[in-house]
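Participant: Here the protein sequences line up with chains B and Y, keeping their order. The first sequence begins at 405 in the working numbering and counts up one residue at a time. The second sequence begins at 48 in the working numbering and counts up one residue at a time.
Hints should not be assumed to be uniformly reliable.
Claimed, not checked - Partial list, computed: chain B residues near chain Y (C-beta under 7 Å):
#1 Gly480
#2 Ser522
#3 Thr538
#4 Pro542
#5 Glu547
#6 Ile548
#7 Phe561
#8 Ile569
#9 Ala644
Hints listed in this document are in silico derivations from the structure and should not be mistaken for laboratory results. We put the beta carbon where it would ideally sit given N, CA and C, even for glycine.
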Amino acid sequence: MDRFPAPAAQTTLSPTNPPTPAASAPAHLTVADLVMAYGSYVVQRDLNFSIGRGEIFIIMGDSGCGKSTLLRHMVGLKPPAAGSIYYDQESFWDAEPEARDRLLRRTGILYQSGALWSSMTLQENVALPLREYTPLPPRQIEEIVALKLALVGLAGFERFYPAEISGGMRKRAGLARAMALDPEILFFDEPSAGLDPISANHLDDLILELRAALGTTIVVVTHDLASIFAIADNSVFLDAERRSMIAQGNPRDLLEHCPEPKVRIFLSRGGDG
Amino acid sequence: MGQPRMILSDPATMANPMTAEADFQDSRYELDQPRQDTLRIRFFGDWRLREQLPTSEAVDRYLQSDETIRHIAFDSGELRSWDSGFLNFLVKLGKTAAARQIVLDNRNLPQGVERLLALAAAVPPKATYSDHAPASLLVRLGEAATRFGATAADMVGFLGEAVLALANLARGRARFQTSELLLVLQECGVEALPIVTLISILVGMILAFVGAMQLKMFGAEVYVANLVTLGMAREMAAMMTGIIMAGRTGAAFAAKLGTMQVNEEVDALQTLGIPPMEFLVLPRLLALVLMMPLLCIYANLMGVFGGLMVAAGMFDITAVQYITQAKVYIGLVDFQVGIFKSVIFGAVVALCGCYYGMRCGRSSAGVGLATTSAVVSAIVFIIVCDSLVTFVTTIVGI
């Protein structure tokens, strides 16, 4: 979009992964001139990037660079110090509260720890958004909940409480809740944190499967390299020192061709790819 | 090949008020039979969760009426959009078909649907599902009784551990931070003074007012000093302070230790070889046992002062009369009984708060439950202990 030119200092490489449903699709989500700050302390500035419809987009960077903060800005939990976030063409932070709620209903969020409501069973956790935002009768909601839990491999766990299941299962149950309303955009905050490699790999497969089957746009905050290379179409790299994005593009391309040594070192786990 | 037949989707759903919504007429299906053994389902419109969707009852009825059908085929050419609602319809249909040994031909379903159906069927349902099904009243009663017994035994065990920790303290081997003890002393001492002041004065005033109204009938209003002072000294000062501390400090102990349990801070202590009973429980127990008698003495003074305000303000009893009367009638032993009770109540509040905090489990809901249980149990135990002490002192003649 012409209105949101990328800063001159950043590197942009075009995706070269196998063709994705959104390779040439219009932007689904746009971050424009975003400045993130805690009080007077600026965490990141001049953030400009677009996420295509049906794209798997990674937000990466070193610890403390503001990845999760950026996610909080994108999902309406924290207003930006300056700049805008656009869902399609609609500015999220300039919209009325009702319009923001409507936009957020198009999204689902998987929090780092799952963030399931501990006083509710998995069934109740997944059913809550359906009860609030659909006219479905209770029996049909129950069926949809069972389907969502089955999709994440938790069939039969409806009556379990979050405290009764493992961390990986909590994460998958959180994903079932995030998918409850069939969102257009799914946000994942550190999806593989705390998971064993096999569970993390399963979650990556699930993300790819959901994108392939539903065409969902997926935004992932992570620094897990295995996940990044397994699922990413596109990415942005936030730098904690310069407090801005220093590269954008497909992670494999960035690993090979990014002129920023820090990005290559990051993507090669300390070596220089 | 059979003659094509057409059935509208479930009439019950069609009669639903939601049918008034603009797009609902579009989300429907039709049935026909392109071959003798094949039922074809043709989908129309928007099958989205936000609308009331047709059910599969019409298909069930069709299958019941024609048992020669061995295959179900689909035609989604007229399907405008779909989401989980459509998927749910197909999952239910799949179960019906499996029960009748009918084969589903998914070829003409939208792209992605087949993958999601495979994903949903990839992990079989957990076999222990019924473990968490609601039990009968008798079973729940039995479980509650068993739990009560186990909790009682656990509480006794916790009390024993606390006694051992105190023994370690006496031998100078207990491990806790003095700064933590001082902080808790401040929290349950000085910071509790305002609420203790308010409640004690009000209790003293209530005792004086109720008592004086009765005594006035005999012209004996001056004895209100005896009533208030005795009531505060032996019962009300200790009990009210105990109840205030249960609601204020006991709840805070349970919430604090419960949160530490949830955050695995207690586990961290244990793995470092530091007994949580000494590091966390002991300072809280000591602080309350030390502070409660002082708060009780203070509550006595405030209660007597409250009674004096009512006596002087409403019944023309002078301050000198009030104090003289009280001094004649009340002995030091009455205050000692109250102070002894306050020590017990302090231990009860601290132990209840710490016990429920340490046993709160791993969830945030558990913290809330622990806090409630700590307060309720502490109040119940305070009343029970008060009754016991009163009974014993009466029997012994103290």
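Participant: Given a cut of 7 Å on the nearest C-beta pair, is the interface hint for Ile569/B held or broken against chain Y?
Facilitator: Ile569/B check fails; min Cβ-Cβ to chain Y is 10 Å, beyond 7 Å.
Participant: Please verify that hint: Ala644/B, Cβ, nearest Cβ of chain Y, below 7 Å or not.
Facilitator: Since the shortest Cβ distance to chain Y is 26 Å, the answer is violated.
Participant: Was the hint right that Phe561/B lines chain Y, CB cutoff 7 Å?
Facilitator: For Phe561/B, the interface hint holds, since the closest Cβ of chain Y sits about 6 Å away, which is under 7 Å.
Participant: Does the nearest C-beta of chain Y fall within a distance shorter than 7 Å of the C-beta of Pro542/B?
Facilitator: Constraint on Pro542/B not satisfied, violated at 13 Å.
Participant: Holds or violated: is there a CB of chain Y closer than 7 Å to the CB of Glu547/B?
Facilitator: holds, 5 Å
Participant: Please verify that hint: Gly480/B, Cβ, nearest Cβ of chain Y, below 7 Å or not.
Facilitator: violated, 21 Å
Participant: Going by Cβ atoms only, is Ser522/B closer than 7 Å to chain Y?
Facilitator: Because about 4 Å separates Ser522/B from the closest Cβ in chain Y, which is inside the 7 Å limit, the hint holds.
Participant: Given Thr538/B was flagged as interface, is its beta-carbon under 7 Å from a beta-carbon of chain Y?
Facilitator: At about 5 Å, which falls below the 7 Å cut-off, the nearest Cβ of chain Y leaves the hint on Thr538/B intact, so it holds.
Participant: With chain Y as the partner, please determine if Ile548/B meets the hint condition of a C-beta pair closer than 7 Å.
Facilitator: With a minimum Cβ separation of about 5 Å from chain Y (threshold 7 Å), the hint on Ile548/B holds.
Of the numbered hints stated above, those contradicted by the structure are hints 1, 4, 8 and 9, listed in ascending order.
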